[in-house]
Structures are given as C-alpha cells and as structure tokens.
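Chain by chain, the residues:
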Amino acid sequence: MTFQRAMDGPWGPALFLLLAFLLRATVLPPLAIDGVTPDLVLAVVVMAALRQGAWRGALFGLVGGLLEDVATGRLLGMHALGLMLGGAAAGLLRRRLYPDPWFVPLLGVFLALLAQQIVVLLTFSAAHFAIHDFPLLALIEYIYTTPFAYIIRPVFYRPEAPA
Amino acid sequence: MVPRRGVLRLYLAAILVLALVFLESVTVHPRISVSRVSGVVNSILLPLELGTHTVAAWTTGAIDTVGQAFTAERENAGLRIQVARLESRVAALEAVQGQNARLKKLLDLRQGSLKKYRTLAAPVVGRSPVNWLDQIVVAAGSRQGVKYGDPVLSYGGLVGRVIAVGGQSATVMILPDPESAIGAMVARTGDAGVLEGNGEASTLKMQFFAAGANVRQGDLIVTSGLDGTLPPGMPIGRVTTVGQGDFGLVHQADVTPLANLDQLDTVLVVLQ
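Chains as they are written, first to last, in my numbering: chain A, 656 to 818; chain B, 1133 to 1404.
These are calculated hints, taken from the structure and not from any lab test.
In this text the structure is predicted, and so the values were computed from the model without any measurement.
Among the hints, a few may not be true.
Residues from chain A that keep clear of chain B, each with C-beta distances beyond 10 Å, as calculated [as the list claims (entries may be wrong)]:
{"no.": "1", "residue": "663"}
{"no.": "2", "residue": "790"}
{"no.": "3", "residue": "809"}
If you want a taste of the chain B side facing chain A, the calculated C-beta under 10 Å gives, among others [stated by the list, open to error]:
{"no.": "4", "residue": "1141"}
{"no.": "5", "residue": "1148"}
{"no.": "6", "residue": "1160"}
{"no.": "7", "residue": "1177"}
{"no.": "8", "residue": "1184"}
{"no.": "9", "residue": "1185"}
{"no.": "10", "residue": "1188"}
{"no.": "11", "residue": "1240"}
{"no.": "12", "residue": "1267"}
{"no.": "13", "residue": "1328"}
{"no.": "14", "residue": "1333"}
{"no.": "15", "residue": "1337"}
Backbone N, C-alpha and C fix where the C-beta goes; we use that ideal spot for every residue, glycine too.
Work out the full structure: start from the sequences and follow the hints.
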C-alpha cells in the first residue's frame, strides 16, 4: 500500500491522530503559552478533513475527540462533539474552495476551533465552570495551532480535485 | 420509500450529536465508573507516553549538539564539536542538578509536614491532552496503592487530587482546573471557604463562606478538610489580593499556589 493510498483511507490519518495526541500530552506542555498548547489533534483532523471531505472529517474528529475525552476521564463527548463538528466544517471547505488556495488551512483551523470552542463554552456555562480570559486563550490557541497545520500540510496535501 | 444515503448519514449524525450531549451531561463531574475506563486507557497509553517523553528528551539533546556542531567553522570543527558536546553535558548536568534540588525539596516535605502520612513519589509523564482541562498523568497507579481522591503535592504545596486510576498510572486534576474546588481556610484565623480553579495556573479564587472574613495579603491558605476528601492542614498557597464585597466586607481573595504548577516533574501522592 502506498503512502498516498494510506492517507486516502482511515488508517493513515488515524495513525497521525494518535501521534498528535501523544506529542500533545508529553512533548508540547513545556511550550505552553498561558497554559495553552497547540492543538495538534485538531490540526490533523482539519488537514485530514481537507483531504477526505466533510463526512470523513467528522469521523476523524469524533475519533480524535473521543480519545481526548476518554484520556481526560470526564465530560465524555465534549471534545468528540466539538472536533466532529469542526472536522465536518473544515471538510466542507475543500469542495467549496478547490483548487486549494494557501489560506484554506488558516480558515479550516479557524472554523474547527470555533466549533470546538462553542461546544466547550456551552458545556462550561451549563456546568457553571469559570475560565479566566476565555477569548484571549482561544485566540492564543488559534495563533499557536495554525502554523502546525501548515507544517503537516505536505503530508495531507492532494493536488487533484475532490471526488 | 428508502431514504437516500445522504439523508441516512444526516440522521446518524443527529443521533450521534444527541448521544454525545447526553454522555457529556452524565459525566460532567469525575465518576469512579468513568475513572476506571480512563485509568485503563491511560495505562495502555502509558508506555507510549513514556517512550515519546524519552525520545523527545533524547532528540532535543541530539538536535542541540548537532546544531552546534554544524555552525562550527571548518578549521576547528573538531574542537567546536567537543565544546558543543561538553556544553550539552553541562546543560544535562544542570538539568540533573535542578531536578536534584526539586527532589530534595520533595524529600524535605515528605519528612516534614507530611511525616504522618504514607506518601509515594511519582514522576509526571503527561499533561492534559486538551487546553481547557488541567490535569497531569503520573506513573503510579493502583498497583502502588494509589486510590481515587488521593491528594497530590509537590514541593511547596498541594497540586491537586487523583481523579482516575489505572494499574500503573493515575490522572490528577490540578488546582487551576475549572472544575477543581477544594475546601480551604486561612491558616492564621481559620476562616474557611472554597478554593476554585479558573484555568489560570498562577491565580486561584477563594470564596469565603462568611462575609467579613479576617484575611490579609500574604496569609497562608491550607486545606480545611471540610470537603471530606483532603486531610486538613496541607499548604496550598498565599493570598495575593483581597476582594472587598458589599459594605467593605471580605468575601473573596486571589491565592497564588505555593507549588509551581507549570513545572511538575515529580509529585508526592498521599496514600489514604
């Protein structure tokens, strides 16, 4: 199986999701700005969604988010829901914006983070949890995650038209 | 009439969204049943996390050394490589020295205020894989006697409490987590309240039960034991600002944790 075929199927991106999750839990914490680390899992979900479309994007988001939820052990479904919606939103972009202008990952990460942060905000307000400076932290997360989407872009990039 | 595939997918997505919202609502607070699942998953991930941790540390050292070697000029390349190697060794020694100092402080804590408790030193091998929940993963679990709810300290003071236990690992919710609420009191006066996290590692919010609490800047905050989960008297932090409420009465204060929550490499689990 070639690398390109693997990246068109579920297992290639799934492997990258696991790697992103591990890196985020072990390597990235010392690089945190105000406690915020780049959301590598979201970057992988966005890039996989841009390659494989909205439905697969939603599926990768669901899997990546569930992995985060189960590892954290509470609020099961919060990240799964947020990333599933985010993956779907990012996946819709490629069909609309083909042939893949440079700003697509920028927009994809923005939409996916927006979806995820809306879910987090709604959940936290329902559970009466307070987060100090949520908009600032959300902005840091966006600025910090976007470069990673561009770094992994060559791995996920497929030049031909979406099916 | 059979619905089209796209419509079926939409139904499926809607059911999935509802199921996830339901799951969220029933797991909003840490539960032992969920904690067990999470503990098992973290135990499976533990070797991978340890491996990634080790490879990352090794790679960083190697990149530093190679980076320094490449910038060396051709004529004294050998000498510079040697210097680079020595520098990386010095850096490694400094890191070990720093770690030694931190471990010594932990030992002092263990032999001092925690003498009456059974404690276990555990290395931190992972942090929360998400940004909005503050927790760490430590390489000690039920096989070492760690239980759900055990307090966790670092040199300085309280770090948090165990919320999920696996065989060889445990997840600890640390103080800044938005869900963290610790029964605490002012050590000097005994005025009690709840210390809450709000996502900020440097400042925690203390809400006092009674308006007009006798508290001032610099006061030591310790666990009150009133929440029934943590033993009383464990140091948490110091008051940095005191909030005035109606009629000038004190009802809340900002507290800076004594433990450096951004730099946790080894912690002490108090086995209850």
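Going down the list of hints, with the structure as the test:
For residue 663 of chain A, the shortest C-beta to C-beta distance to chain B comes to about 19 Å, beyond the 10 Å cut-off, and the non-interface label holds. Even its closest Cβ contact with chain B, about 12 Å, leaves residue 790 of chain A beyond 10 Å, as expected for a residue assigned away from the interface. With a cut of 10 Å on Cβ distances, residue 809 of chain A stays outside the contact zone with chain B, its closest approach being about 20 Å. Because the beta carbon of residue 1141 of chain B sits about 6 Å from the nearest beta carbon in chain A, less than 10 Å, this interface hint is met.
With a cut of 10 Å, the hint placing residue 1148 of chain B at the interface with chain A holds, because the nearest CB-to-CB distance is about 7 Å. Annotation: residue 1160 of chain B was flagged as interfacial toward chain A, and the flag holds, the nearest CB pair being 5 Å apart, inside 10 Å. The beta carbon of residue 1177 of chain B is positioned within 10 Å of a beta carbon in chain A (closest approach about 7 Å), and the interface hint is therefore held. Taking 10 Å as the C-beta cut-off, the interface hint given for residue 1184 of chain B holds, the closest approach to chain A being about 4 Å.
Interface hint at residue 1185 of chain B: satisfied, since its Cβ lies 5 Å from the closest Cβ of chain A, which is below the 10 Å cut-off. Residue-level restraint check for residue 1188 of chain B holds (minimum Cβ-Cβ distance to chain A is 4 Å; threshold 10 Å). Interface restraint check: residue 1240 of chain B against chain A, minimum CB-CB distance 25 Å, threshold 10 Å, status violated. For residue 1267 of chain B, the interface hint holds, since its Cβ comes within 10 Å of a Cβ in chain A; the closest pair sits about 6 Å apart.
Look at residue 1328 of chain B: its Cβ gets to within about 7 Å of chain A, closer than 10 Å, so that hint holds up. Against a cut-off of 10 Å between C-beta atoms, the interface hint on residue 1333 of chain B holds, since the closest Cβ of chain A lies about 6 Å away. Contact between residue 1337 of chain B and chain A, as hinted, is supported at the beta carbon level, the nearest pair being about 8 Å apart and thus within 10 Å.
In terms of the numbered hints stated before, the structure departs from hint 11 and from no other.
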